[in-house]
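Visitor: What follows is the residue order along each chain.
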Amino acid sequence: MKVVRCDVAIIGSGAGGGTAALALAPLVARGKRVLVLERGPRFRDGDFTGRELEMAGALYADEGGFLTRDGTMTLAFARGYGGSTLVYTGTSLVAPERVIRGWGVPGIEPDDLARRSRKYMEQNNVHLLEPALQNDNNRLFAAGAARAGFHPEQFPLNLRGCRGSSLCNLGCPNNAKQGTNRVQLPAAEREGVQVVTRAEVTRIRRRSATTWGTPRAGSWIAAAKTGSCSRPACTSPSLPPRT
Amino acid sequence: MPLVLPPPLRDALRPLAVTFVPEIAGATPAQWSELERRIIQALTARPPAMRRQLGLFVRVLQAASRIRYRTGLAALDPARRTALLEAFAGSPLLLFRRGIWGLRTLVMLGWYTQPSVVSALGYRASPAGWEARR
Numbered sequence: 395m396k397v398v399r400c401d402v403a404i405i406g407s408g409a410g411g412g413t414a415a416l417a418l419a420p421l422v423a424r425g426k427r428v429l430v431l432e433r434g435p436r437f438r439d440g441d442f443t444g445r446e447l448e449m450a451g452a453l454y455a456d457e458g459g460f461l462t463r464d465g466t467m468t469l470a471f472a473r474g475y476g477g478s479t480l481v482y483t484g485t486s487l488v489a490p491e492r493v494i495r496g497w498g499v500p501g502i503e504p505d506d507l508a509r510r511s512r513k514y515m516e517q518n519n520v521h522l523l524e525p526a527l528q529n530d531n532n533r534l535f536a537a538g539a540a541r542a543g544f545h546p547e548q549f550p551l552n553l554r555g556c557r558g559s560s561l562c563n564l565g566c567p568n569n570a571k572q573g574t575n576r577v578q579l580p581a582a583e584r585e586g587v588q589v590v591t592r593a594e595v596t597r598i599r600r601r602s603a604t605t606w607g608t609p610r611a612g613s614w615i616a617a618a619k620t621g622s623c624s625r626p627a628c629t630s631p632s633l634p635p636r637t
Numbered sequence: 080m081p082l083v084l085p086p087p088l089r090d091a092l093r094p095l096a097v098t099f100v101p102e103i104a105g106a107t108p109a110q111w112s113e114l115e116r117r118i119i120q121a122l123t124a125r126p127p128a129m130r131r132q133l134g135l136f137v138r139v140l141q142a143a144s145r146i147r148y149r150t151g152l153a154a155l156d157p158a159r160r161t162a163l164l165e166a167f168a169g170s171p172l173l174l175f176r177r178g179i180w181g182l183r184t185l186v187m188l189g190w191y192t193q194p195s196v197v198s199a200l201g202y203r204a205s206p207a208g209w210e211a212r213r
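Chains A and B, in that order, are what the protein sequence lines are. First residue of the first sequence: 395, per the numbering used here; consecutive thereafter. First residue of the second sequence: 80, per the numbering used here; consecutive thereafter.
So here's chain A without its partners, still in its complex pose (with noise of 0.2 Å):
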């Protein structure tokens, strides 16, 4: 069994793990070694053919057939560089002010979650998308809202170079939807950030403020100063307890 020392160990390289690298990149130039244990493969530009059942496989847990344990919903969430923002449609919303307090997370305040995700919007380019780019069906139903007394309101997108496939959820097939896999996860690498990709983190342990994992490709153990499960609604999450 091959031992991996680190400072931080980071599980899952999504919109949590891939900005918590960027974020403690820097830590890199200070000696600190950053590593991020990503499930899912490293992804090529030409692996996003938009294909659908050949996409779903090779982006999806189970295919987008992931159930609950309860058998009562299916999560589509995805596994690969840059984790669920390989397959989100893009729409990068700022949480509103009663959600954040909804959470009651001490620490986290609107302001401050604000100011944050400023910075990410300016990162991943969102922006609404021009007239010129919105479609028929968009057109159409922004003029029936409004005509029936609403305020229809565009959502927000993170794309940079929009060609309209419309494949979004399969993994844009051209490089344009900027999730941590275009943006933080190149750039904290290129700082000295290690992404050990087709690591699925089986176990945790705590043992005098060391994180264990045991990625899948072999038997590794990441031995870790510091450890972040960063998969905000998936698989991490049932990792301590089920450790």
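Mixed in with the good hints there might be a few duds.
So the derived list for chain B, only partly shown, Cβ under 7 Å to chain A, looks like this [claimed, not checked]:
(1) Ala109
(2) Thr150
(3) Gly201
(4) Ala204
(5) Trp209
Distance windows between CB atoms, simulated [as the list claims (entries may be wrong)]:
(6) A/Asp505 to B/Pro194: 30 to 36 Å
(7) B/Ala124 to A/Asp441: 32 to 38 Å
(8) A/Ala581 to B/Met129: 51 to 57 Å
What the hints contain is simulated information worked out from the structure, not anything from laboratory work. Keep in mind that this is a model prediction, so the values were computed, not measured. By construction, the Cβ of each residue, glycine as well, lies at the ideal position given by its N, Cα and C atoms.
Following the hints, complete the assembly by docking chain B onto the known chain A.
Guide: For chain B alone, kept in the frame of chain A given last:
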């Protein structure tokens, strides 16, 4: 690695498929073969226990059909077949609801991912994007 459908599902697939997606009744032989192939492919990726569970569930559907209507799924008229499946879909037993959900998902996966079906629907997602639609 199943290269064929589990027998209970193979025998009941067509009546189930046309109940979930009525337009499948007009499928060409090539489209039907492709539907079966895609379902087999999806099932191959699943654990053997899940495939056995699916086969067992289809047997339960057949048995329910025989008990309630004195005939199997294939011989049931569409209205009765729909009523039977709806009863399972709304069952208080989670396993039955899951079974219907799974079968329906497989049928939709086998049908709506076929290029000929997709283009007939007018779905025009393409890597070339707006250029392809002009």
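Visitor: Go through the numbered hints given earlier and state which of them the structure violates, listing their numbers in rising order.
Guide: Of the numbered hints given earlier, those the structure breaks are 1, 2, 3, 6, 7, 8, listed in rising order.
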